[in-house]
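Note that the protein sequences, when read in sequence, are chains A and B. 1 is the number of the first residue of the first sequence in full-length UniProt numbering; add one for each residue after it. 1 is the number of the first residue of the second sequence in full-length UniProt numbering; add one for each residue after it.
Wrong hints could be hidden among the right ones.
What the hints assert, rightly or not - List time: in silico DSS-like cross-link candidates among lysine-lysine, alpha-carbon distance up to 30 angstroms: (1) A/LYS34 x B/LYS150; (2) B/LYS593 x B/LYS561; (3) B/LYS428 x A/LYS34; (4) A/LYS41 x B/LYS9; (5) A/LYS60 x B/LYS348; (6) B/LYS115 x A/LYS59; (7) B/LYS556 x B/LYS593; (8) B/LYS325 x B/LYS236; (9) B/LYS51 x A/LYS142; (10) B/LYS24 x B/LYS83; (11) B/LYS150 x B/LYS51; (12) A/LYS41 x B/LYS51; (13) B/LYS29 x B/LYS9; (14) B/LYS325 x A/LYS142.
Everything labelled a hint here was simulated from the structure, so no lab data went into it.
The lines below spell out each chain.
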Amino acid sequence: MIKVFLIVSSSGKIRIRRFYDEVEFARQQQIEQKLIVLTSKLSPNSCNFFKDLDGIYDKKCKIVMRFFGTLYFIAVIDEDESELGVLDLIQNIVDLMDKIFDNACELDVLYHPDKMNALIDEIIVAGIVVETNIMDIQEALKQQETQIKNK
Amino acid sequence: MSSGSHLSKELHDLIKSIGETRSKQEEDKIIIKEVQQLKTKLNEKNMPQKKVREMLIKAIYIEMLGHDASFVHINAIHLTQSKSLALKRLGYLCCSLFLDNDSELLILLVATLQKDLTSTNVHIVVNALTAVGKLISKTFVNALTEPVLKLLTHSTDIVRKKALMVMQIIRQLNQDCIAEQDYDDRIRRGIQDKEPSVMGAAFNLYHEELKKGAVNKFKPLTGTFVSMLKQIIEHKLHKDYDYHRFPAPWLQIKLLQILTLLGANDLKVSEQIYEVLGTTLRRADDTTINIGYAVTYQCVKCISGIYPQQSLLEQAANSVSRFLKSENNNLKYLGINALTQIVSISQKYVLEHQMTIVDCLESNDDTLKKETLELLYKMTNEQNCEVIIQKLIHFLKTSSDSNFKKDLFVKISLLNEKHAPTQEWFIKTANTLFEYGSEFIDNDVRNNFFKLLIDNFNDIGSEFGVFITEIYSELLKNDLQDNILKIVCWVIGEIGSQIYDQDPNKLNELTQLIILKLDSQLESETTISWILTCLAKLQSARAFQMFDQTRAIFQKYMQSKNLDCQQRAIDFYTLAKFNAALKGSQFITVDPKMQFLDAYVQQERQRGAQPYNPSLQVKAAALGSATEAPSLNFIPYSDTKYGGNKTGTFGTEENKLTTQNPSAPTIAGPWDDTGYNQKQPPPPKPTIATPMSIGSTTGIGSNSSGQTTTKTTMQSMGSGQMGLNTNQSQSTYVPSVRPLPPKEDPNLKEKQKLANQLFAPISQTQQQPSQSTQKKGITTMAASKQMNSNINTNQPQQPKQTAQVLNLLEIDEPLPIQSSQQPIIGTSQGYVQQPQIINQKPIIAQQQQLWSQPTAQIQSIPQQQIKSYIPANINVDQYEQLWERNQNIKEITLQSKIKSEQDFRKMIQTININIIEVIDQEIICAGANAESKSCVLLYGSYSLNGSLELKINSTDPKDAEYILALIKRQFC
């Protein structure tokens, strides 16, 4: 399962924060800071996976990181989750953002936390990836938006 | 970009100003100002919806930056009651983000949630479900279970899917909410759902259940999952579920995870899986997209997780090896991980890719390097260890990353210990390793290495000793780093001095080399301490001649500013005097019978003194209160009467004992308040101060406690364990730590065991005083190793000879050169020992028996004469005293039928003596010969595998032989 999903700007500011296990706010911030430090290890050709050897979240966990534009997408996953699967999931999320925000950028994430979170909620429920079909998610989100607009 | 056109300039400005701040302080200032504005505005009534929305978004932003925005929580809850979907959604989102599961505000939310879950608007339901999934807690789980379960049959798939997930959370929180059967039915209906997305969600629930351990319950469903996977890979699902034309990869991954858990350790289930697994792997292999690799990886994980199947393992290893050759580091990483999994099942398939794996170490990616190292470590075996270690050492040489080097260093040394093909190779590799990784040598590494060497030395004997001394004395001729020099010093001092104990030329040569090092450039003063210690050890060798030089050196360093050096120099200087004095000591004979007193005794007796009769007292001891003879009282006095002063019980006898052992005024036996704490029952020596003190470096047992100083230091040197914890190495003397099991070793052991069994009665008789004297000195020699050292007649016994010198100081041991009774036994010893090695040539032994009659006699005693024993009623203290008085100790380790205390008791009953005390697996017993009333003390330690360690101490050696023979006949 996915334990943490974060979107962080390249300046080290949190843009989206989702913790799927109960974690105290203070510890959440510690974890975030350490993960942000870890982003410095990511370079274009390096491996996107890290083992959480230092126990940032839990020593059994793995960390998947991916950089798009100005945003780092970080997922902390447990040992069962497939690293490569999550990497493609991040790709999926970015594709969806592009479709919903029409060429997404960091500001969209900032201005529309509600839409962004709704998007993530469609894909990850309680830390488990429930939907990966972009078409379905897009459809569901579109319906919501039209309803909001109509009212 | 769709900029927030509907958003006000305020939010835009806030975000912009935060973005422009240069310090945390500036940011904090802005936020504090903003929070105050928000607080006042939120309290205003009739705020337009749009404004409220914006304010909440600001609050999210503020909280995201790590500031407190709790003032807005109540507004978020208000918002959930809004009729507008947009506001409701934002309200629920804020609640999910801001509130903890135990927040008191949640109770305000329950009614709204209940209402929204039953709404006719799908999107309201979905949002409410999402919020329930995040916020549900034990306190109101009951209130929400019913509406959630109803949604499982909702007409929209998005709702059914989410309801399934929420149902799982509910069950996790409170099992009573949904009955097990009901729950199982509902997930089963989930996988039967016509919508694949709901089915996918249900897979997650199965996976979670399986992870929790409900494997057996779901095993019957294996077929269903297999056929689902089959349908997916055959493109039976709708095209919508393809991802880059690859059919539903995430569903495949999930199914593979489920199958892995179902098939683990179960051949029957696994057999159902093999076929589909092979096909899935093949199809995934055909793609060149990332997600295809993800499926491949999952297949490999599955293959290594279920009951192993050869062809699949091979297929998996081949697929994965392609990952390794990829340019993409992610794939390499997964490849390494996958191979690590396969290797734990079987090394065979991975070994082919060995060199590809090694090349991954060249990567500049830290994660990858670490994983590779881990894999290499796991896949190294006896065959490939030379190649792999060579490669690893190459990386150690070239790498500049010190963390990685440290890892490498540790792994190489472990591998070397485990798999080195020969001792020579082991030592050479260790030296290369130390050379390139000298910065990583710390006390642990060093001590571990020393322990390995000394264990090997004890096992293999002089050959190994000569070998390593040669290697290290060669090394001495080069310039060495301090860390390595320390090791060399230790080896030369510890092993070299034993090996060349009798060889003055070699000793001189070694000493010269070591002394030269004192003049070389040294990094730290502690190294000098090591060198001094080495010299001290060398000078304790018998053939050492360079006392003048060493004394000069010690004298020089007595002025050293380094306290450690100084202390050592002083100690060793003093020792040097003793060593020189002891040179002649081998010709001194100590007469334990004190015959020089005979004349005096004669004289006294003529004057009318009572003759001294030790057997009287032994008898008394053995029979305890049963004797009528008015003799000594062996029953303890009550504490008050006794006053805690134990001396005096034995009268003059006791005094004699105590004067012999000045360092142990009270009875120093192995049994104390805490129980039995030493292997060798009667230790007539001052105990060695185990935590070798002085300075930071380990080793060197100079104990500064007054008169015992010299003795203890010499002991630790003589026993060949300086620098190591003597007691520890003794008690942990188990084969598992032996790093270099020489190929012939097990055989040899077998032979020894056999020889032991065949010839034990004879060899036992041979273990007359001279033998046991030696043994006592070498505390570190485990009983089982005795044979080993006996084989190589002279050389390996040298350490013992140093020990012998030591025993001279302790007086009461019988000595090799003895009075008239023993020479026969003494001479025959050399021969009768031989059968242990030359057991194919019994002729020699027979010949021997022909012309040494007494041997035959002794041998036949146990069979011909039947002795009987009676129990002796004594206590532990008396046992100890008796033990120290008698020195005819027979030690033997047998492979016996005795595996429990009961067995042991039975054996003791058969002999008809009685048990005095039992502590764990160690038992002491005492008895007396029914005829002669001579005393027999027995110490036994059994173990569950049947190895039985016995020590029999008897006034009359024949008793011990008889009992041993009895035990061997009936219990081995």
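Here is how each hint holds up against the structure:
Proposed proximity of A/LYS34 and B/LYS150 is contradicted: the alpha carbons are some 42 angstroms apart, above 30 angstroms. For the hint linking B/LYS593 to B/LYS561, the alpha-carbon distance of about 50 angstroms lies beyond 30 angstroms, and the restraint is violated. Of the supplied pair hints, the one linking B/LYS428 and A/LYS34 is violated, its CA atoms being roughly 43 angstroms apart against a limit of 30 angstroms. Between A/LYS41 and B/LYS9 the CA atoms are separated by roughly 37 angstroms; this puts the pair beyond 30 angstroms, and the hint is violated.
A threshold of 30 angstroms between alpha carbons decides the hint, and for A/LYS60 with B/LYS348 the separation of about 28 angstroms falls inside it, so the pair holds. Simply put, B/LYS115 and A/LYS59 have alpha-carbon atoms about 42 angstroms apart, too far for the 30 angstroms limit, and the pair is violated. A C-alpha spacing of about 45 angstroms is found between B/LYS556 and B/LYS593, which places the hinted pair above 30 angstroms, so the restraint is violated. Between B/LYS325 and B/LYS236 the CA atoms are separated by roughly 33 angstroms; this puts the pair beyond 30 angstroms, and the hint is violated.
Distance check on the hinted pair: B/LYS51 and A/LYS142 sit about 24 angstroms apart at the alpha-carbon level, within 30 angstroms; holds. In summary, the hint linking B/LYS24 to B/LYS83 is not supported, as the alpha carbons are separated by about 39 angstroms, beyond the 30 angstroms threshold. Annotation: proposed proximity of B/LYS150 to B/LYS51 is violated, straight-line Cα distance about 36 angstroms (limit 30 angstroms). Proposed proximity of A/LYS41 and B/LYS51 is contradicted: the alpha carbons are some 41 angstroms apart, above 30 angstroms.
Between the alpha carbons of B/LYS29 and B/LYS9 the distance comes to roughly 20 angstroms, so the proposed pair stays at or under 30 angstroms and holds. A threshold of 30 angstroms between alpha carbons decides the hint, and for B/LYS325 with A/LYS142 the separation of about 43 angstroms lies outside it, so the pair is violated.
Of the hints listed earlier, those the structure fails to meet are numbers 1, 2, 3, 4, 6, 7, 8, 10, 11, 12 and 14, in rising order.
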